[in-house]
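Model the full structure from these sequences, guided by the hints.
If you're matching them up, the sequences are chains Z and S in order.
Quick note: the first sequence uses the numbering used here, first residue 106, plus one each step.
Quick note: the second sequence uses the numbering used here, first residue 106, plus one each step.
Some clues are possibly wrong.
Note that the list lumps identical chains together, so a pair holds whenever it fits in one copy or between two copies.
[What the hints assert, rightly or not] In silico lysine-lysine, DSSO-like type, Cα no more than 30 Å apart, as pairs:
#1 Lys-224 with Lys-135
#2 Lys-138 with Lys-224
#3 Lys-235 with Lys-259
#4 Lys-135 with Lys-220
I should point out that these hints are in silico values taken from the structure, not numbers from a laboratory.
One-letter residues, chain by chain:
2 protein chains.
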Amino acid sequence: MNLILLSKNDFIEDTGRVRIQDHRSAHILKVNKSSVGDELRVGLINGKLGCGRITHVEEGKIEIDVVLDREPPAPLQLTLIFAMVRPRVFKRVLTQVTAMGIKKIVVVNSFRVEKSFWKSPVLEKESLNKYLIRGLEQGQDTIVPEVLIRPLFKPFVEDELPDIVKSTHSFVAHPYTSEPCPYNIGSPVTLAVGPEGGFIPYEVKKLIECGFSAVHLGERTLHVESAISGLISRLM
Amino acid sequence: MNLILLSKNDFIEDTGRVRIQDHRSAHILKVNKSSVGDELRVGLINGKLGCGRITHVEEGKIEIDVVLDREPPAPLQLTLIFAMVRPRVFKRVLTQVTAMGIKKIVVVNSFRVEKSFWKSPVLEKESLNKYLIRGLEQGQDTIVPEVLIRPLFKPFVEDELPDIVKSTHSFVAHPYTSEPCPYNIGSPVTLAVGPEGGFIPYEVKKLIECGFSAVHLGERTLHVESAISGLISRLM
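Listed below in structure tokens is the structure:
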């Protein structure tokens, strides 16, 4: 936890002091081994970053005096669309791309996605939130990304995607194209990443009709996590 | 498993036929659900890629007729040096960078590395080999990377590193520098990645003395896996 994220409810009314007693206080005491007087990096969810000083510790409960005075880092101007993956991989991808600063994430279907993945509890709101917060803590950011879950490919691409790609450069990762992924685009991007083995030709065709360019990241088949972080770091 | 990797011992003497009965045959039968007549992508460890056709299946034992006729993909011209990480993360990093095509990997110490990590069985030869092979299967490659384990930072940097960096552009990922990581270097690279939070100033200084430039990948703190795949995809 590189940052302690606070919500408005943590504040003792009308003060700059918070009181917490949950996994965060446990982490501060047991992992960081912090105590009264120590300083911590803190942030308000969807608000500013700042500094906290521990004023009181009692039976796992912590009070911290908080000053929030810095804007969070600028969002990455990239909308990520990726095909649903195995739930345990999904958690890592969500955390990772949140840590990288992405603020709009769309999880879509693809022919090669196992149907059972869509029934996983990782897609429930509470679970999504857990891994988004973990990503913000990792990346030292406060702005919670928007996540859209779209288990139907065609209506998403036809009805919603045109608005998303407007005024962006849009790329679909496609292992079977001759065009390497470009570098350092310098303007907003929409990036679509299929399942391992890629989107099927029909899906790629639909994305190309919507303005996407098909690009590859070398001739090797990468795991979806490597592919996503590689593509993002190359494009942005 | 995108590729079935074979060793010379798998071949029935002086023929183009292999006989396997281990996790590979189990995978072919249970996960791929392949049977007699089906074709598979195969490769010889440190040799060529090709195609195999299943000729016989019996009690978990498989015979495959193999034609090896293609060179594996060109190695990535990047030597990766990274600080030892938590063993379960180490496995994923090793597999991931092997899948990306890196052929020389050095695992080094850093002040911020937990000492206990160096005692982990993941660093034993058999374990290293397991995750390297997994990476080759993922990336559809045959050439096993060389892995150097260097639990002493100073002698490694002073005695071995000068030869490694010779004729390469060398970069150290350093969160506290103003220089962003460059794109698409187009020539051989040596990349050093510290633990989360980075190498300490003394270590960065030693690397800079050895010709490294300190670069960052944005103001967010990334997990080592994201940072490594991001840096590689950006530089190469």
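Hints and how they fare:
no.: 1; hint: Lys-224 with Lys-135; result: between (35 Å within a copy, 23 Å between copies)
no.: 2; hint: Lys-138 with Lys-224; result: between (39 Å within a copy, 24 Å between copies)
no.: 3; hint: Lys-235 with Lys-259; result: within (29 Å within a copy, 41 Å between copies)
no.: 4; hint: Lys-135 with Lys-220; result: between (40 Å within a copy, 19 Å between copies)
The structure meets every hint from the earlier list without exception.
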